[in-house]
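Novice: Got chain A; can you put chain B with the ligands on it based on the hints?
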Amino acid sequence: MAIQLCNLYKNFGPNKVLQGMSLDIQDGETMTIIGGSGCGKSVCLKHIVGLLKPDKGEVIVDGINITAAEDEEDLFAVQNKFGFLFQGAALFDSLSVGDNVAFGLRNLKKDVGDSQARRIAREKLALVGLHDVDHLKPAELSGGMKKRVGLARAIAHEPKYIIYDEPTTGLDPITSDVINELIIDLQKKLSVTSIAVTHDMVSAYKISNRIAMLYEGKIIEVGTTQQIKTTGNPYVRQFVTGSSQGPIKVKLREWE
Amino acid sequence: MPGYIKERWFKIIETTGDVTLLVGDLLKSIVRDKVDLNLFLAQAGRIGVDSLPVVGVTSLFVGMVLALQSGYSFKNVFNEPLFVGTVVGYSIFKELGPVLTAIVVAGRIGASIAAELGTMKVTEQIDALYTLGTNPIRYLGVPRFLGAFLMLPVLTVYADFIGIFGGWMISTWKLGIPSMTYLDEIYGMDFDVILHGVFKTFVFAGIVATTACYVGFRTYGGAEGVGRSTTKAVVVSMVMILISDYFLSAFLVAFGIG
Ligand SMILES: Nc1ncnc2c1ncn2[C@@H]1O[C@H](COP(=O)(O)OP(=O)(O)OP(=O)(O)O)[C@@H](O)[C@H]1O
Ligand SMILES: [Mg+2]
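The listed protein sequences derive, respectively, from chains A and B.
Quick note on numbering: the working numbering labels position 141 of the first sequence as 141, and the sequence is numbered without any gaps.
Quick note on numbering: the working numbering labels position 157 of the second sequence as 157, and the sequence is numbered without any gaps.
The shape of chain A in the complex, shown without the other chains:
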């Protein structure tokens, strides 16, 4: 088992976000986490790489309990195995697009020279459908372009695990599909293990081996894509079919 989340609890003040969340991710699979807006998906992803610490529970990556890693060197060693696409791309404003993508290469791969790093950065940008943008600053890009640069940056150092926080949000349908293909390709060719969060069910069905649904701080169902499509769980069914009718009520007003 590559990554195990065991019984995670996380509160932000009075806001209970994770309440006993457990999930196992196997080597080489693409696991997609779905769930309503604000239910804690991004928070969960940050726990996996140790950017957030749970109040209770454990995160185990390759047999190492990263929640107990006191020495930050140990934590860095684990974080270096990951590529992380942030929901808001999180590009470094002060660096050019090319330097953003090459950033991880320069820091993590000591044997990669400067010109080589630049070449790899251009290659990865081409993979996400961007050409001749490496000299631009992130502020000069559109939202969808930022997302794709973020993706190129996450995969540039060829990490073992890749985490995608809404990889296709804000992209047109065709570019979305290019990204889906890329995610599948990475899994097939480099056998990376991926954890994705998405609201886009088309993409979720396409890229995932398994899908897990997070609801009220817990995983309420995990299954293969086929199992999720034909689930008997009314909560999951309502979510994947995108219906406002069902057991999940979206609060529109505070007093409801």
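Simulated from the structure, these hints should not be mistaken for lab results.
Keep in mind that a hint or two might mislead.
To be clear about the criterion: a stretch of chain A counts as covered by chain B if any three or more of its residues have a C-beta under 8 Å from a C-beta of chain B, and this derived list gives those stretches [as the list claims (entries may be wrong)]:
#, segment
1, 76 to 83
2, 90 to 97
3, 104 to 115
Here are a few chain B residues that sit away from chain A, every Cβ distance over 12 Å (derived from the structure) [claimed, not checked]:
#, residue
4, 13
5, 49
6, 64
7, 74
8, 120
9, 124
10, 132
11, 133
12, 181
13, 194
14, 245
Bear in mind the structure is a predicted one, so any value in this text is a computation, not a measurement.
Ideal placement from N, C-alpha and C gives every residue a C-beta, glycine not left out.
Specialist: Only chain B with the ligands this time, still in chain A's reference frame:
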């Protein structure tokens, strides 16, 4: 003790602890990791060069007004503007040079560091650094910290000279003091006096850089949070500079420096 006072105290103790940890991390990184020279020079340049004009103007006018006020006061008492050089020299070297420079830098650089790091925090760029194998303390904190340490003393010496020059202008042109009288009083001062001021700037540099980094790295709550952090960095630095200035002066004088 009422609950809210207790809470306040807990908060103060907690913050002190966190700041100590941050300083510890900064020092650990400086000692253990290689300092990135390019980043350090970029920050030193920004802190130093960007502050030159405003520090210059501030200390020029402070020197001028010191000469003017002391000149006229002494005229009232002694019928003659005596000791203007001495008053300007001591005030500038020991207090106004270091303190005003530190305050200007707190407003100019402390604010911009807090805003920059705060923006990086709320847009998850700090998180992104971690996932790309980079410790933000080493990559962002250390260059700013060391940049402030290098540049604040330099800026202070620069401010000292401009201030003395401002005092000289008013003394000779407006008070009719012979140039040599003024300058002799300055030259006659102990080197300890300058040392006294410069020594303090290292502590002020630590205050400005640490406060800005601490507040910046802890920013939350979007653009509003960045604004809050920026204000906090400036206000806290200024107050701490002025408070620590008193104790530092007392300490240095007790040890016979200045
Ligand atoms: N750093 C933080 N400090 C305080 N509260 C936070 C923090 N990060 C997230 N939260 C809270 O945790 C909850 C879950 O946030 P999260 O970003 O994980 O949602 P999400 O499931 O990713 O939603 P979306 O699909 O809209 O991205 C929200 O209520 C949010 O306000
Ligand atoms: Mg999210």
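Novice: None of the hints should be skipped; say for each whether it holds.
Specialist: Hints and how they fare:
1. 76 to 83: holds (count 5)
2. 90 to 97: holds (count 4)
3. 104 to 115: Coverage by chain B holds here, the residue count being 3 at a Cβ distance below 8 Å.
4. 13: holds (20 Å)
5. 49: holds (17 Å)
6. 64: holds (39 Å)
7. 74: Non-interface label on residue 74/B holds, nearest chain A Cβ at 53 Å vs cutoff 12 Å.
8. 120: Label violated. Min Cβ-Cβ 8 Å, cutoff 12 Å.
9. 124: Nearest chain A Cβ is 4 Å from residue 124/B, so the label is violated.
10. 132: violated (4 Å)
11. 133: violated (4 Å)
12. 181: Correct as stated: the minimum Cβ-Cβ distance to chain A is 52 Å, above 12 Å.
13. 194: Per Cβ check, residue 194/B is outside 12 Å of chain A; nearest 37 Å; holds.
14. 245: holds (34 Å)
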